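Chemist: Here the protein sequences come in this chain order: A and B.
The opening residue of the first sequence carries number 70 in the working numbering; numbering runs sequentially from there.
The opening residue of the second sequence carries number 7 in the working numbering; numbering runs sequentially from there.
A hint or two may mislead.
[Unchecked claim] Which chain A residues stay away from chain B? Per the calculated CB distances, all over 12 Å, these:
1. F78
2. L149
3. A159
4. K161
5. K272
[Unchecked claim] Straight line, CA to CA, 25 Å or less: simulated SDA-like cross-link-like pairs of lysine to any residue:
6. A:K181 with B:C101
7. B:K140 with A:A256
8. A:K93 with A:A256
9. B:K143 with A:L106
10. B:K233 with A:L106
11. B:K140 with A:K93
12. B:K31 with A:E371
13. B:K140 with A:G386
14. B:K31 with A:A256
15. B:K28 with B:L272
16. B:K31 with A:E141
17. B:K233 with A:L355
18. B:K143 with A:G206
I should point out that these hints are in silico values taken from the structure, not numbers from a laboratory.
For clarity, every value in this text was computed on a predicted model and none was experimentally measured.
Cβ atoms here follow ideal geometry from the backbone N, Cα and C, with glycine treated the same way.
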Amino acid sequence: MSAPAPGMFSQDALALLEQLRLNKGKANLEAFAETVLSLARENRNIVVVTSDSRGSGKLVPFASELPQQIVEVGIAEQNLVGVAAGLASAGKIPFAVSPACFLTARSLEQIKNDVCYSDNPVKVIGISAGVSYGALGTTHHSLHDLAVLRAINNIDVVVPADNFESVQAIQAAAAQSRPIYVRFGKAAMYDLPRTTDDFVVGKARVIREGTDVAFIATGETVIHALLAAEQLKSNGVSARVVSMHSVKPLDVDVVLQSARDCQAIVTVEEHLTAGGLGDACASAILEAGVSVGFKQVGIPDEYTVTGSQSDIFRHYGISMEGLSHQAGNLLANRNLSMTGN
Amino acid sequence: MIEISTEQLLSKSWQYRRNILKYIKHAGAGHTGGSLSCVDILNVLYNRILNVSPGSFNDPNRDRYIQSKGHSVEALFVVLADQGFFDESQLETLCRYQSHFVGHPTRHVPGVEQNTGALGHGLPICVGIAIAGKMDKADFRVFTLLGDGELAEGSNWEAAMCAAHHGLDNLTAIIDYNTLQITGRTRDVCDNSPIDKKFAAFGWTVRCVDGHSFDELTTALSDSPVKGRPTVVIANTVKGKGVSFMEDVVKWHHGVPSDAEYAQALEEIDSHIQAQGILL
Chain A
70 MSAPAPGMFS QDALALLEQL RLNKGKANLE AFAETVLSLA RENRNIVVVT SDSRGSGKLV
130 PFASELPQQI VEVGIAEQNL VGVAAGLASA GKIPFAVSPA CFLTARSLEQ IKNDVCYSDN
190 PVKVIGISAG VSYGALGTTH HSLHDLAVLR AINNIDVVVP ADNFESVQAI QAAAAQSRPI
250 YVRFGKAAMY DLPRTTDDFV VGKARVIREG TDVAFIATGE TVIHALLAAE QLKSNGVSAR
310 VVSMHSVKPL DVDVVLQSAR DCQAIVTVEE HLTAGGLGDA CASAILEAGV SVGFKQVGIP
370 DEYTVTGSQS DIFRHYGISM EGLSHQAGNL LANRNLSMTG N
Chain B
7 MIEISTEQLL SKSWQYRRNI LKYIKHAGAG HTGGSLSCVD ILNVLYNRIL NVSPGSFNDP
67 NRDRYIQSKG HSVEALFVVL ADQGFFDESQ LETLCRYQSH FVGHPTRHVP GVEQNTGALG
127 HGLPICVGIA IAGKMDKADF RVFTLLGDGE LAEGSNWEAA MCAAHHGLDN LTAIIDYNTL
187 QITGRTRDVC DNSPIDKKFA AFGWTVRCVD GHSFDELTTA LSDSPVKGRP TVVIANTVKG
247 KGVSFMEDVV KWHHGVPSDA EYAQALEEID SHIQAQGILL
């Protein structure tokens, strides 16, 4: 018998979460499902399209309450997106819901042509994204979705970090006429500190100010960046935390301001380090000619380690300890003296 | 059904063929054979069946036509011009820098419903539109045109299953069954016969017609659908139809005629026109 699997947070991180009094919310996926049901009650043109994915998408209550507003296509993701495009072209407001791994790979051509090229305002909803499915293996991981969708024009790409951002992203998606991809994980998420800024697609949320290092993170990694920033404080390091929920369009202003204000940038994403948030930030910084220490944290280009989402995060340093370490290294390399150990 | 005589359709048919060749020759590119095989289907659709016009194109209750075999775009452009969606002279920009008239349909061209060109996309989109029609209890109909080679794309069969499951009797798929694709005979490339039995097994009503017979096409496309079932019209056609040396010859899939070939093709078309006393 092996020992019980460790959780997402170390004992030190759990203690810090307690100290910060952050409320543990629900899975972002559940926040999505509740929000789309609430919106659909008020607007009968809102429809959900599923590929045998209503259970995974927490949409059974939706199907029970609004059976006339759910379209089931069976396990057929290409058809799922094509049907959603047709619905959108005929005046419906469709949310095409399927695991991100299948949705953004098997039906990528339908997203590219039927949604983006034909400009049908489908809300493409990738559920259980990133490595949410953990031990189910690479077939069920979506570590490519941000990269491939960044390379397709006419679609926004949004990765909410907590329940607030999830609700806001779905409300924005329902209202906007441009195609949008939103991806959700299925782990319960802590509520991040609120900012005074409204949630706007394309505008980052700076959830913690700092001047030495900036973590620019997205989705379920943001909480780890926040914990790392708090841990670094005890070492005398002032760390900024940006929730870059919109990978596309990227909030270039916030990226560049962070690069100018701080000595180092650490990008964090539940995605391959190729083609995702980190690359987007790097090109923005390089184009602007700003010199700053830079590190991309994510999943490297290798056979992905097996294990739960927690195991995979910890293995690749998407953790309070891992991110603190990366920030420390960057700052040391920039010849900044760090107090403490 | 819109009243137009078979003689008028025949007249249009030859004029459409003339224009298809004219603009392909002008552009130096185009899918000649497939445009000539499907143009009679488009002729009947736009002149007799579809409840759509430039004036009603934004009407939510208009009939929809989506050309899944987008490469035969020249036939569609020529017919849309004849319907008054845009001035025919715009086709002189076909495949030119900054023209909206590219080698596959795009919504930048008035009258085009959806951007197509990648095969296997039209039917799923039409399923979505047909479902929306059912939700709204609207009475518009949805039509799509597929190639027989295109049926190798699996997405068609996902959509075929879904259409029958949802009882989409407002949906009609038309197969331009010209039996050729770019490599050769469809049956030699990857045999997909028997198409009729396959669609029937998927729960569709199957109608087989001569795809160059205006009357057979009209009957198949205007007859009431079987309640609760989508309809497929298998239109037996000849690739390159109307030009002797192009008929049923695979190289004309996207061949552009030389000057001599172009002159010969026009001569043939014009002789048909003169023989039948058609006034252009």
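Chemist: Are all beta-carbon distances from A:L149 to chain B longer than 12 Å?
Modeler: Non-interface label fails for A:L149: nearest chain B Cβ at 8 Å, not farther than 12 Å.
Chemist: Keeping to a limit of 25 Å between CA atoms, is the pair of B:K233 and A:L355 held or broken?
Modeler: The given pair, whose Cα atoms are some 62 Å apart, is violated under the 25 Å limit.
Chemist: Grab the minimum beta-carbon distance between A:K161 and chain B and tell me whether it stays above 12 Å.
Modeler: violated (5 Å)
Chemist: Within a Cα-Cα threshold of 25 Å, do A:K93 and A:A256 meet the stated pairing?
Modeler: holds (11 Å)
Chemist: Between B:K140 and A:K93, is the straight-line Cα distance small enough, at 25 Å or below?
Modeler: violated (43 Å)
Chemist: Evaluate the condition: distance from the CB of A:K272 to the nearest CB of chain B exceeds 12 Å.
Modeler: The assertion about A:K272 holds, with a minimum of 30 Å to chain B.
Chemist: Are B:K31 and A:A256 close enough, with their CA atoms no more than 25 Å apart?
Modeler: violated (60 Å)
Chemist: Given the hint that B:K31 pairs with A:E141, test it: the Cα-Cα distance must not exceed 25 Å.
Modeler: Violated, at about 46 Å.
Chemist: Is the hinted pair B:K143 and A:G206 satisfied, with a Cα-Cα distance of at most 25 Å?
Modeler: violated (44 Å)
Chemist: Would you mind confirming whether the straight-line C-alpha gap from B:K140 to A:G386 stays at or under 25 Å?
Modeler: violated (51 Å)
Chemist: Quick check for students: does the CB of A:F78 sit more than 12 Å from each CB in chain B?
Modeler: holds (42 Å)
Chemist: Hey, B:K233 versus A:L106, does the alpha-carbon distance stay inside 25 Å?
Modeler: violated (32 Å)
Violation of the numbered hints given earlier is confined to hints 2, 3, 4, 7, 10, 11, 12, 13, 14, 16, 17, 18; the remaining hints are satisfied by the structure.
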